[in-house]
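Sequence lines, in order, name chains S and H. Here the first sequence stands for residues 1 to 353, numbered as in the working numbering. Here the second sequence stands for residues 354 to 719, numbered as in the working numbering.
Please keep in mind that the hints were generated in silico from the structure rather than gathered at the bench. Keep in mind that a hint or two might mislead.
To be verified - Here are the computed distance ranges between Cβ atoms for each label pair:
no.	chain 1	residue 1	chain 2	residue 2	range
1	H	A558	S	T108	36 to 46 Å
2	H	G682	S	L334	27 to 37 Å
3	S	F218	H	T708	53 to 63 Å
4	S	L338	H	K552	32 to 42 Å
5	S	L338	H	Q662	52 to 62 Å
Glycine included, C-beta positions come from ideal geometry on N, C-alpha and C.
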Amino acid sequence: MIQLRVHRRQELPIWHSCLIFSGAVLLSLGISAVMLAFQGKPALGGIMHLFQGAFGTVWALEDCLVKAVPLFLCSLGVAVAFRLQIWNIGAEGQFALGAIGATWFALTFENQASWFLLSGMLIMSLLMGGLWGLIPALLKLRMKANEIIVSLMMNYIAILLLDYLVYGRWKDSESYGFPMTPVFSPGAIVKTIGSTSVNWGILLCFLFGILVWIFFRFSRLGFELAASGENVRCARYARLPYERLVALVMIISGALAGSAGFLEASANLNRLQPSIMVGYGYTAIVVAWLAKLNPLYIGLASFLLAGLRVGVENLQLDFQVPAAFGSIMEGLILLTVLAAGFFTQYRIGLRKE
Amino acid sequence: MKKWSCVFAVITCLTLGALLMVSGCGDQDKPAEAPKKEFKVGFVYVSPVGDAGWSYAHNQGRLAVEDMDGVTTAFVESVKEGPDSERVIQNMARQGYDVIFATSFGYMDPMLKVSQKFPETVFMHCSGYKTGERMGNYFGRMYQARYLSGMVAGAMTKKNILGYVAAFPIPEVIRGINAFTLGAQSVNPDVEVRVVWTKTWYDPATEKEAAKSLLDIGADVIAQHQDSPGPQEAAQEKGVYSIGYNSDMSSFAPKAHLTAPIWDWGPYYVNIVNQVKNGTWKSTAAWPGLYQGIVDLAPFGDMVPAEIQKKVLAMKADLTSGKTKVFNGPIRDQAGNVKIAANEIPEDKVLLGMTWFVKGVIGTTE
Numbered sequence: 001m002i003q004l005r006v007h008r009r010q011e012l013p014i015w016h017s018c019l020i021f022s023g024a025v026l027l028s029l030g031i032s033a034v035m036l037a038f039q040g041k042p043a044l045g046g047i048m049h050l051f052q053g054a055f056g057t058v059w060a061l062e063d064c065l066v067k068a069v070p071l072f073l074c075s076l077g078v079a080v081a082f083r084l085q086i087w088n089i090g091a092e093g094q095f096a097l098g099a100i101g102a103t104w105f106a107l108t109f110e111n112q113a114s115w116f117l118l119s120g121m122l123i124m125s126l127l128m129g130g131l132w133g134l135i136p137a138l139l140k141l142r143m144k145a146n147e148i149i150v151s152l153m154m155n156y157i158a159i160l161l162l163d164y165l166v167y168g169r170w171k172d173s174e175s176y177g178f179p180m181t182p183v184f185s186p187g188a189i190v191k192t193i194g195s196t197s198v199n200w201g202i203l204l205c206f207l208f209g210i211l212v213w214i215f216f217r218f219s220r221l222g223f224e225l226a227a228s229g230e231n232v233r234c235a236r237y238a239r240l241p242y243e244r245l246v247a248l249v250m251i252i253s254g255a256l257a258g259s260a261g262f263l264e265a266s267a268n269l270n271r272l273q274p275s276i277m278v279g280y281g282y283t284a285i286v287v288a289w290l291a292k293l294n295p296l297y298i299g300l301a302s303f304l305l306a307g308l309r310v311g312v313e314n315l316q317l318d319f320q321v322p323a324a325f326g327s328i329m330e331g332l333i334l335l336t337v338l339a340a341g342f343f344t345q346y347r348i349g350l351r352k353e
Numbered sequence: 354m355k356k357w358s359c360v361f362a363v364i365t366c367l368t369l370g371a372l373l374m375v376s377g378c379g380d381q382d383k384p385a386e387a388p389k390k391e392f393k394v395g396f397v398y399v400s401p402v403g404d405a406g407w408s409y410a411h412n413q414g415r416l417a418v419e420d421m422d423g424v425t426t427a428f429v430e431s432v433k434e435g436p437d438s439e440r441v442i443q444n445m446a447r448q449g450y451d452v453i454f455a456t457s458f459g460y461m462d463p464m465l466k467v468s469q470k471f472p473e474t475v476f477m478h479c480s481g482y483k484t485g486e487r488m489g490n491y492f493g494r495m496y497q498a499r500y501l502s503g504m505v506a507g508a509m510t511k512k513n514i515l516g517y518v519a520a521f522p523i524p525e526v527i528r529g530i531n532a533f534t535l536g537a538q539s540v541n542p543d544v545e546v547r548v549v550w551t552k553t554w555y556d557p558a559t560e561k562e563a564a565k566s567l568l569d570i571g572a573d574v575i576a577q578h579q580d581s582p583g584p585q586e587a588a589q590e591k592g593v594y595s596i597g598y599n600s601d602m603s604s605f606a607p608k609a610h611l612t613a614p615i616w617d618w619g620p621y622y623v624n625i626v627n628q629v630k631n632g633t634w635k636s637t638a639a640w641p642g643l644y645q646g647i648v649d650l651a652p653f654g655d656m657v658p659a660e661i662q663k664k665v666l667a668m669k670a671d672l673t674s675g676k677t678k679v680f681n682g683p684i685r686d687q688a689g690n691v692k693i694a695a696n697e698i699p700e701d702k703v704l705l706g707m708t709w710f711v712k713g714v715i716g717t718t719e
């Protein structure tokens, strides 16, 4: 009789965990290659083509960066809340409110100086996103409402609010009735860096990323947050201000997602329209987990995930694989990397009796 | 915890590095340029091609182009409107595609932006209102076929309530609902059209539920604007009739499907590609209709009596020849105000910006 047993591992040498994680990624790529072969496409060539499409050229790298920016900001936001074990699923809605706030400012103060418009739009987006994030926090603290449900439901409200504005009072009179606001005045548009397609908004990522890192690493409040995240009861016993911390992380979390909404509306769409909502707020949750809530790795993970999405388009175009293939690959990578996390802490042994 | 993050970072860097190297190698292995330059045509779709619907109809058009001599085609499906579409269109242009067709309204601004950077490529945008030096726009007068399908629905209803599962309150959809209603009223003045918005282009479950809600208030013919056959299935399950859209949907609900206003993009796409090859292409805003064959009516189901079929086909001939127009004044809006005066034939601009419902539609355009 052979039995499977799960043992807890001792501390693993780094090279060993490296092996496990790269094995995981390779496994998911291998499965993807097999799937390509099943469709009668070149298996290895297809995978290479994907990476070439994502990282093989300068402009592909630029495309990845552009796509990584909103992912990074939303993900950084949810990671801050997750640190305290507050499950903010509402980044999507906070993103929408950020875009709405920025648009309001851009439309109200048309044709003003660029510095005034852009800083006003940024502040409005932070404010609106933060307020939208604060609502679930208050409901949780005052009425013990579950923040997962509340923040999720508020996404729908936010999207409907956005729809209401672009179908109604903000609709461009020259758009033949199509739902979108007028194009922002030139000063309200975040410019691209030189001749690249990357916009200056990427600086915000660095700024916020470093701020969040410093906050957790060096500030007392950051320490309190991390401590409360580890054990709420213990934190309360130590008289840490848990309620205030919850409200604070939800505001920060919402504000970060809101700033992503500002950048998308201003830099990429140059106006507000319903197609701004493409699910960054939900993908952000995945990214935050993959990156273990660490700002630096969130940057990496957003970039890689953006790369995967960009690369899959290349694969679609040149090999005519269905679009769903990209989602399947994304799922596979997630699954194997998360499973690898288990194998770095446990090992499975056989025992004969 | 900290250690794992470290490890994770190292791995990602290593994998990324390895893959970068691999992709670099792949580049070198690439065979030299193909000896004879093929004419490349790219298509961008907003939804998966699937078995029916909007993108399916465009893909049928693509297949017609693919059959041309010396032409290859490719497509990217499920491309979100906004920044994602800009990237996809730009990549096609970079890879030397000669003509790019983008088939959703939200691709308009991104395509215009890209078209200004690539003077060698011809850009064609479907269903918008902007043109550029290198970007033409095109659409079909689907409202003509909608009118005909409305006639069928109006003749087949017993309760005089038609249900319309509508997508988004934009002029294209509103125009279709109005034409459908006018068609139904032309054979049955007492008919009313109930509208439900799903705010989706492709969501089978939502669209089916919307159809059910219309069935519950007594509608006995269901029409739709979305890609999914959900409303067709709902109608068949309830034992009433339905009108499809985009492509012939009779295979999804053979007992319910009366007919469908459908697209036939093939001849148009072949024509455009030929123009570009010959160097005669010019940027225009094209709005062809029944006459050019870009829109049509799917074959009638067996349950449609011969006399109705005859009447509808006679009307089709009149609309095709231009003897009759769909939007013939006087046309009143829901409140009874005359929006198009008697004997007035509205300009295309009025039709393209239509945001009000005709009398007989129950619902709002908000």
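Comparing the hints with the structure gives:
no. : hint                        : in the structure
1   : H:A558 - S:T108: 36 to 46 Å : holds (39 Å)
2   : H:G682 - S:L334: 27 to 37 Å : violated (59 Å)
3   : S:F218 - H:T708: 53 to 63 Å : holds (56 Å)
4   : S:L338 - H:K552: 32 to 42 Å : holds (34 Å)
5   : S:L338 - H:Q662: 52 to 62 Å : holds (59 Å)
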